[in-house]
Amino acid sequence: MDQRTMRQASVAGLSSLETNKVLKNTYLLLSATLGFSAVMAVMAMALNVPTGAYLICMIASMVLGIFVLPKTANSGAGLGVIFLVTGLLGFGIGPVISLYLSMAKGPMIVATALGGTATIFLGLSAYATMTKRDFSFMGGFVAVGMMVVIVSMIANIFLQIPLASLGISAAIIMLMSCLILMQTGAIIRGGETNYIMATYGLYLSIFNIFISLLQILGIFGGDD
Amino acid sequence: MEWMQIGALIAMGLMAFAMWPMVKRWRENPVEAQEGDWSTAVFILGLVALFVLMLIWSVQ
Numbered sequence: 004m005d006q007r008t009m010r011q012a013s014v015a016g017l018s019s020l021e022t023n024k025v026l027k028n029t030y031l032l033l034s035a036t037l038g039f040s041a042v043m044a045v046m047a048m049a050l051n052v053p054t055g056a057y058l059i060c061m062i063a064s065m066v067l068g069i070f071v072l073p074k075t076a077n078s079g080a081g082l083g084v085i086f087l088v089t090g091l092l093g094f095g096i097g098p099v100i101s102l103y104l105s106m107a108k109g110p111m112i113v114a115t116a117l118g119g120t121a122t123i124f125l126g127l128s129a130y131a132t133m134t135k136r137d138f139s140f141m142g143g144f145v146a147v148g149m150m151v152v153i154v155s156m157i158a159n160i161f162l163q164i165p166l167a168s169l170g171i172s173a174a175i176i177m178l179m180s181c182l183i184l185m186q187t188g189a190i191i192r193g194g195e196t197n198y199i200m201a202t203y204g205l206y207l208s209i210f211n212i213f214i215s216l217l218q219i220l221g222i223f224g225g226d227d
Numbered sequence: 002m003e004w005m006q007i008g009a010l011i012a013m014g015l016m017a018f019a020m021w022p023m024v025k026r027w028r029e030n031p032v033e034a035q036e037g038d039w040s041t042a043v044f045i046l047g048l049v050a051l052f053v054l055m056l057i058w059s060v061q
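Residue numbers (this note's numbering), protein chains in the order written: chain F, 4 to 227; chain S, 2 to 61.
Certain hints may be false.
Stated by the list, open to error - Covered stretches of chain S, going by a simulated chain F footprint (3 or more residues, C-beta under 8 Å): (1) 8-22; (2) 32-44; (3) 50-59.
What the hints assert, rightly or not - Far from chain S, some chain F residues (derived; all Cβ distances over 12 Å): (4) 28; (5) 45; (6) 46; (7) 54; (8) 61; (9) 64; (10) 101; (11) 108; (12) 122; (13) 130; (14) 137; (15) 163; (16) 166; (17) 172; (18) 219.
In case anyone wonders, no lab produced these hints; they're calculated from the structure. We put the beta carbon where it would ideally sit given N, CA and C, even for glycine.
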């Protein structure tokens with residue numbers, strides 16, 4: 004083996020090690036933040052927090068996620084911020100879960116949404132990890148899709164059409180699935196090197212899939 | 002529930018604000034799909050859709 008080939012092999016090996024480290028740290032932090040969110044959700048349910056808290060927590064976590072997290076993601080403070088963001092989202096979702104649990108088939112709907120979210124995430128992540136395919140070609144589709152979904156959501160705040168919210172939830176599940184493939188692919192291919200930002204992206208995709216599944220299953224399995 | 006609508010609007014506005022740099026980046030540097038990329042993606046998304054339908058069927 005000549006010197007150049009040896010150097011290339013060494014760089015590829017190092018890069019692979021670096022990628023594995025980012026992936027491992029991302030999954031570890033993701034597990035920790037999901038666990039923390041679950042604890043916060045149970046706490047909110049035990050405290051009987053009103054449903055309106057969901058919106059307040061969501062806005063607060065979005066402000067932190069947009070303005071604070073990117074600035075602190077390269078330091079230790081980023082870890083504190085991501086736990087704060089995910090804790091707020093978990094605390095906000097607590098009253099929503101309480102609302103679903105009070106329905107006739109509530110416990111089954113919540114359990115199915117949880118299991119479904121876990122299956123979708125694990126399946127997509129496993130596929131992206133095994134194939135090592137570059138899914139960034141879906142970026143334009145996801146970006147346009149998300150903008151269409153946001154406009155539809157704004158319109159539906161005023162129109163309140165149940166069929167539209169069903170379509171929006173279905174579209175969110177599809178778009179978040181694309182994002183999981185893209186984000187996992189980016190970590191595997193070395194496109195994402197910051198595990199805190201990678202965790203934030205994957206956490207949001209999982210959170211959105213869970214909320215959307217809960218809504219869809221609530222509509223079809225509800226006792227209305 | 003007017004304040005809820007205002008809150009939802011703020012949340013949507015923030016979401017659009019957060020999405021905008023990503024939209025801009027993908028518009029400026031689009032990544033071309035290679036042969037077979039889209040068919041694979043459609044197949045995977047089809048599986049996700051089937052799985053969601055199965056979940057709906059299980060709660061009915």
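Hint check results:
1. 8-22: holds (count 12)
2. 32-44: holds (count 8)
3. 50-59: holds (count 6)
4. 28: holds, 23 Å
5. 45: Per Cβ check, residue 45(F) is outside 12 Å of chain S; nearest 22 Å; holds.
6. 46: holds, 22 Å
7. 54: violated, 9 Å
8. 61: Answer for residue 61(F): violated, closest chain S Cβ roughly 6 Å.
9. 64: violated, 10 Å
10. 101: Fine: 17 Å to the nearest Cβ keeps residue 101(F) off the interface.
11. 108: violated, 6 Å
12. 122: Check fails; 7 Å does not lie beyond 12 Å.
13. 130: violated, 7 Å
14. 137: Non-interface label fails for residue 137(F): nearest chain S Cβ at 8 Å, not farther than 12 Å.
15. 163: For residue 163(F), whose nearest Cβ neighbour in chain S is about 10 Å away, the distance does not exceed 12 Å, so it is violated.
16. 166: holds, 15 Å
17. 172: violated, 10 Å
18. 219: Violated, since 7 Å does not exceed 12 Å.
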